[in-house]
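Asker: Chains as they are written, first to last, in our numbering: chain V, -7 to 496; chain C, -7 to 496.
It is worth saying that the hints were derived from the structure and are not from the lab.
Where hints are given, some of them may not hold.
Identical chains share a label here; the pair holds if one copy fits it or two copies do between them.
Said to hold, decoys possible - Pairs of lysine-lysine, PhoX-like flavour, derived with a Cα cap of 20 Å:
#	residue 1	residue 2
1	K144	K97
2	K420	K494
3	K494	K223
4	K478	K433
5	K433	K494
The lines below spell out each chain.
Protein chains: 2
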Amino acid sequence: MLNSKEKNKKKECAGKTVASEKITPRSFDYSKWYLDVIAAAELADNSPVRGCMVIRPNGYAIWENIQKILDAMFKETGVVNAYFPLLIPKSFLEAEAEHVEGFAKECALVTHHRLAFNEDGKLVPSGELEEPLIIRPTSETIMYRMYAKWIKSYRDLPLLINQWCNVMRWEMRTRLFLRTSEFLWQEGHTAHATKAEAEEETIQILKIYQKFVEEYLAIPVIPGYKTESEKFAGADYTTTIEAMMQDGKALQSGTSHHLGQNFAKAFSVKFLDENGQEQYVWQTSWGLSTRIIGALIMAHSDDTGLVLPPKIAPTQVVIVSIMNGKDNEAVAAKSNELAKALRLAGLTVKVDNRDGRPGLKYFEWERRGVPVRLEVGPKDIANHSVVAVRRDTGVKAVISEDSLAAGVKEILDAIQVNLFDKALAFRKENTREVNSYEEFKTTLESKSGFLLAHWCGNAECEAKIKEDTKATSRCIPFDQPEENGKCVYCGKASKKRIIFAKAY
Amino acid sequence: MLNSKEKNKKKECAGKTVASEKITPRSFDYSKWYLDVIAAAELADNSPVRGCMVIRPNGYAIWENIQKILDAMFKETGVVNAYFPLLIPKSFLEAEAEHVEGFAKECALVTHHRLAFNEDGKLVPSGELEEPLIIRPTSETIMYRMYAKWIKSYRDLPLLINQWCNVMRWEMRTRLFLRTSEFLWQEGHTAHATKAEAEEETIQILKIYQKFVEEYLAIPVIPGYKTESEKFAGADYTTTIEAMMQDGKALQSGTSHHLGQNFAKAFSVKFLDENGQEQYVWQTSWGLSTRIIGALIMAHSDDTGLVLPPKIAPTQVVIVSIMNGKDNEAVAAKSNELAKALRLAGLTVKVDNRDGRPGLKYFEWERRGVPVRLEVGPKDIANHSVVAVRRDTGVKAVISEDSLAAGVKEILDAIQVNLFDKALAFRKENTREVNSYEEFKTTLESKSGFLLAHWCGNAECEAKIKEDTKATSRCIPFDQPEENGKCVYCGKASKKRIIFAKAY
């Protein structure tokens, strides 16, 4: 069934045996480095379906951890989960003008519901649908049609629903995790009685995203507003958290939208208020996707491979048995015993009792990003201690068996802090205030990173800057010094600096 | 945006205020009763998309519990999760002959990837794809193409991957949970070096399904083989667990397939064995879907509404405050205090501190299937006790505050056992051995339930029985007494009795 080209591909890829493919250094080819890290850690793979990726078990385990943590944070605020249809009638998408504009150009369309044999004996689409259905690029339209049915009175509000699902936006140029036609995400959709409540919800969720990305993924982010031209199609305004990758590019890491009453009016989502008056609800929507795994990979990894923060790593500790032949059984038993103790202390642990040179085994676990490696050999057993090696710094420490769990936890905490601090220092180093368009352009040419520039608020200036430089407005940071300035492009008065950068 | 018909619908449906719609009794109209129970408990709703349902938060919370429990059971055996593309190229589905035969007639086809304006200014499908893509009805073909790439050596085996996802099989006649075009499920797909290992895996998973459905959902099931004509399209054989609903119909509750080397050969999934010889892998696939929620609803609920076993109920206990006006604050505080204590003991608890007649509040929580209701009023506070009411029997008990958690847990355990025992007794009462075709037909006409009949193994007899009676073969139970008999249809020798029944 496979042609010869595919057979060759098969030979190239890595199996469970220790892999030896090299990872391209970041300095040599950053894009290739990114894909090499993913391949070496077996996080994802291209699929035979254009634009769609396969999330392999090592990558999916990260997504499962993201889901578990974020889901609990949402539920803490009263959000509940539900599931809405994958397919959306074309007319629903059309109901909100800006929305259809934003999504019509890149959507997968279901037009038939059967395969049947044609005259030549070939299976071809049959059973044409009266109205084409769109695979959801996002679910506002299908969800709010239901909200219109469910919401009757102010007592039904707020309605706080989230769904974890797959969505599809047709992409021509794709990149594992960062840009794929199908991706996984969560999308929250809330309805409120007042504008103030909806605005509060918008910000509450953005703060959850920020807390999650900073505290768990160890990626510092800048929260702020998107400009009008970068906002979500159909929203009154969009809030975002923006992160800097190791190549200085920006990556939008989560967005929370205040929808105003735009969809409420399009879908007739109304309620009777306490005075018996009919009102439109105020809405928010917010999402975070598997794209964040791309950010996670790029934020911390190095030329050896994946680096994961301990709070999100599916495996926090790997115990590598050093096999010398004659003591193999005793060493394996000791490794298993230590693993058991660490698991009891709440850590996730793998044991590598395979034969083979220790160096090769270390190499494999380093590429997979496991934060701490413990080395256990006959000498360590005799000394009642183990050697612990940090993935982030390579620093070694000897830990006594008596205090193993506490010692390992201390190292894990230190790694989590170090990764965040390093990423924050990098972002600070690579964020520059620029005060003229000349300075803007020369800085962008010579250095990667974020530019903080005054902007008058005019979409035309923003568009011209993008056209000239390929840098886009990333966000208007919430945190702004009181400062009067001049638009870097047109020179008109400006009160705010916004972040411009090249972006993923 | 809504027409008048839709506006009327809106008025009919229930909100958060206490609902008063009646539930149709089972004896009057079983199908209507089923839909009324779902509506009253707000588990699901029809969507505007043909054949697709909305799983509302109360229903989705059940699915989340199912996922949590089953996922842990799978992982215990070494299974890991991953995610594969939603869309499958037509040619992949065609690669296995029986498989395409089984799924081509009811699949959603993506043929275009853009909406564009036509000459009349209407948005129409554009960007036709070279090859149509099928929304996965199941993922064997797309997954095994990847397995062919990943598996190289016996060291890469077994490969044990599961995915939680949505799938789509176009349905004309749909019914909430039981039969919908889109549904949620898990599908496990494993590859092994030997046939024996694959067969062991097939049975191991079926046993997990049985344990889960019996111990958590309190539904007794009969494990067995599907006949050739009822097996999965592409499998060597299919194992199944079959449950009986309250109307005597059968519901297939989970299936585990031994795929042999059929897909391995179609997709060239090969490995080098320990002797360096190239071999095809042996495979299994297995799935359990949101359909099981339909079974859960039908197995235990009554004319008052939903009844849920405590081990799967999203809310195990509801504390209803009895408000008399002057003591409201004290009562609410006591209810909150008791809830806190019960949560500390590991139970999921809701508190109903709303104003309103207690009877109406009881009514609402009964309809939602919460296993235990605790009533707290001024008198109970004075007595340092609460009244506990069982949802399954309505039996009341007074529990002292001192031993509240222990007392409630005892009741929950008793409910779990009672629901299973009741369902088992019902199944036994409604399972009948029949020894002639005449007896088969007259029994089926006068009574609902399972028929245990000898069958020679010939697909023609099976087809004739189905044609005559609408009863299908449900399974060949693993557990068979040694018994020689005669095929109930043709009279030829038979060594096994199989279960025939009308089915969902």
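Asker: Taking the hints in turn, state whether each one holds.
Answerer: Structure-based check of each hint:
no.	hint	in the structure
1	K144 to K97	neither (35 Å within a copy, 41 Å between copies)
2	K420 to K494	within (16 Å within a copy, 69 Å between copies)
3	K494 to K223	within (17 Å within a copy, 54 Å between copies)
4	K478 to K433	within (16 Å within a copy, 90 Å between copies)
5	K433 to K494	within (12 Å within a copy, 74 Å between copies)
Comparing the model with each numbered hint stated earlier shows that hint 1 is the single one that does not hold.
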